[in-house]
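Note that the protein sequences, when read in sequence, are chains A and C. For my numbering, add 894 to where a residue sits in the first sequence, where the first one is 1. For my numbering, add 894 to where a residue sits in the second sequence, where the first one is 1.
Read the hints as simulated data drawn from the structure, not as lab findings. Possibly wrong hints are sitting among the right ones.
When chains are identical, the list treats them as one kind, so a pair holds in a single copy or across two.
List time: in silico EDC-like cross-link candidates among lysine to aspartate or glutamate, alpha-carbon distance up to 16 Å [to be verified]:
1. K976 x D1191
2. K1051 x E1178
3. K1093 x E1198
4. K1154 x E946
5. K1190 x E970
6. K982 x D1090
7. K1050 x E1198
All of these numbers come straight from a predicted model, not from anything done at the bench.
There are 2 protein chains.
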Amino acid sequence: MDYKFEITAKSKKTKARAGKVYTPHGVINTPAFMPIGTLGTVKAMTMRDLTELGAEIILGNTYHLYLRPGHELIKEAGGLHKFIGWDKPILTDSGGFQVFSLAHMRKVTDAGVEFTSHIDGAKHFFTPEKVLEVQTAFGSDIMMPLDECVGYPCKKKEAEEAVARTTRWARKSKVESRALNAGTLFGIVQGATFKDLRKRSAEEIAALDFPGYAIGGLSVGEPQAEMFEMLDIVTGILPDKAPRHLMGVGYASDILGAIKLGADLFDCVIPTRLARHGSFLTYEGKTSIRLNKLEKDFTPIDPECDCYACQNFTKAYIRHLFWAREITAMHLLTVHNLRFFMRMMAKVRQEIASGEF
Amino acid sequence: MDYKFEITAKSKKTKARAGKVYTPHGVINTPAFMPIGTLGTVKAMTMRDLTELGAEIILGNTYHLYLRPGHELIKEAGGLHKFIGWDKPILTDSGGFQVFSLAHMRKVTDAGVEFTSHIDGAKHFFTPEKVLEVQTAFGSDIMMPLDECVGYPCKKKEAEEAVARTTRWARKSKVESRALNAGTLFGIVQGATFKDLRKRSAEEIAALDFPGYAIGGLSVGEPQAEMFEMLDIVTGILPDKAPRHLMGVGYASDILGAIKLGADLFDCVIPTRLARHGSFLTYEGKTSIRLNKLEKDFTPIDPECDCYACQNFTKAYIRHLFWAREITAMHLLTVHNLRFFMRMMAKVRQEIASGEF
């Protein structure tokens, strides 16, 4: 199946839209949440679990998979889908954010970014060309060009340089992507929390006419209102006809707000990480399974949830497993939290279609 | 379903037999391997996984569940089956072995055994009556009476006292079990590695006419030949009509040898613990998934195995996950190792039935 995006419904009161992203490995109904499979597995899950939860796409981290097990091994295995046993779409990021947030040292020049691995301190060099070579070895359905991320708060000059570099790299990446005959390449908008920089970045990247766009550098510490303000500017500029991926976002309230502002794709470690740390999600927010008051709570996490954990086990049982440090506790909480996100997105899609959103 | 044991086939050349143990929660085909659910879950598994692997019974540890979450909470939850979401048979041990091997201090008198919890150092007291009260709160299908375990090697006088006490406690337990209207109570044979003590213990316990027997205190460090010698003596004395549970055994070769000597039920942490430590089992023994030579091994652990891990993933992938410390690696290896044991037992049952064993 060739890459294509179609909008199937639009909200009248907001910028929200529902649609379908077609990829070589299947269709993604949007707005969609992508569970994060950093190292070739969504933590504490199997591929079967993900399919049952309703995941239509997962995200892999280029930085992590490049370092371990390496893109050459993955290529030899027949690509990332085959290596990890997942036959649905995979989106991989550019590694730019991880180099920025995880690597012990980084040195950015126009050629690329030099960094030391957080695993063993070894030196590596990412260029726009290199990260596309890596993602092509993976065989990702959707790829990202190398971008430069900045922190929050950050000086305007620094943010401006990052925007300019991100655009230069995007241009190079487009050329390289054609040369490699790579998968679908999105453009990435940066600009920190500066309105004019967000506008400039969105305009520059949109001018390159990508089949989809990612919005980076948000949800890095700024208040939600500021994130929404930036997103609103960006989605006002990006063309309607392409999907928009708000990278690394987020909590349920962030996602619901961002959908209203026209974002289509989301990925975040929140549901899986919170689960491993003992918290479960409901529409009331997050709750720790450790709480004493749950000791004799013989009801499911959410009586209305259809996940394996809620259908079969009580809070008292999962709490016991968590205190006993059983892996099964992390598994059951991850199943629930991911299913909570999947059900939330399905509900949103339905509401957009029926005009109730 | 009332408790019953029937022998369906006997080997002509060995003491091996195949049979069925009927319990209130279903039938166990013997020889059977029981995965260990120490704390109310088999580690890194869900109940669904266990059912799919073919587990017909699991073992729960009275010592652990008594300490955490406590038998009273489990009773309040509606019993252990309901609390943990497992509707097939459960056998619980007496706690005797764990008090001996895990507790920080223990003081044995004829009344019972005082010990300190390995979790918080709190003092507890197990009596023959207490451990039956606890197991009755669990609602276990098969229960064990408090017994006294000794180490290896141990002095004969110590072993002799433990045998005498185990018999006295067995007698008390039988009376208490009737008073509590508890589930099926097995007798436990001790005697360390002394032939005359094994004989005496087997005779004394058999004289009490239990519906099933456990053989304890083996596989605690003695050579395999010595274990088999003891087992041979004991199964020569125990009545044919009752199942025999060789507690805590063991490796595949131990189990296969013990079946030839007339043992019917087995439980051991070997397959699950080895998995979490990165080893997989085949008929060739155990292999570490960490090995460098497996880095690019794009074949399953065992091409003939029908488990989820072997049907869907390669050694190279699981090795990668293990080095990346992903929980999913432990899960997949546990699935394979348990299925390996289940398939081995099914093959043995078939061979006994067809006379090929």
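Hint check:
1. In this assembly of identical chains, the alpha carbons of K976 and D1191 lie at most 16 Å apart only when taken from different copies (13 Å versus 42 Å within one copy).
2. In this homomeric assembly, K1051 and E1178 never come within 16 Å of each other (Cα to Cα): the closest approach is 41 Å inside a single copy and 64 Å across copies.
3. In this assembly of identical chains, the alpha carbons of K1093 and E1198 never lie at most 16 Å apart, being 43 Å within a copy and 58 Å across copies at closest.
4. In this assembly of identical chains, the alpha carbons of K1154 and E946 never lie at most 16 Å apart, being 28 Å within a copy and 43 Å across copies at closest.
5. For the homomeric pair K1190 and E970, the shortest alpha-carbon distance between copies (8 Å) is at most 16 Å, but the shortest distance inside one copy (51 Å) is not.
6. Proximity of K982 and D1090 under a CA criterion of 16 Å is satisfied in neither setting, with 38 Å inside one chain copy and 65 Å between copies.
7. For a Cα distance limit of 16 Å, the shortest separation of K1050 from E1198 qualifies neither inside one copy, at 47 Å, nor across copies, at 61 Å.
In summary, the structure is inconsistent with hints 2, 3, 4, 6 and 7 from the numbered list given earlier, while agreeing with the others.
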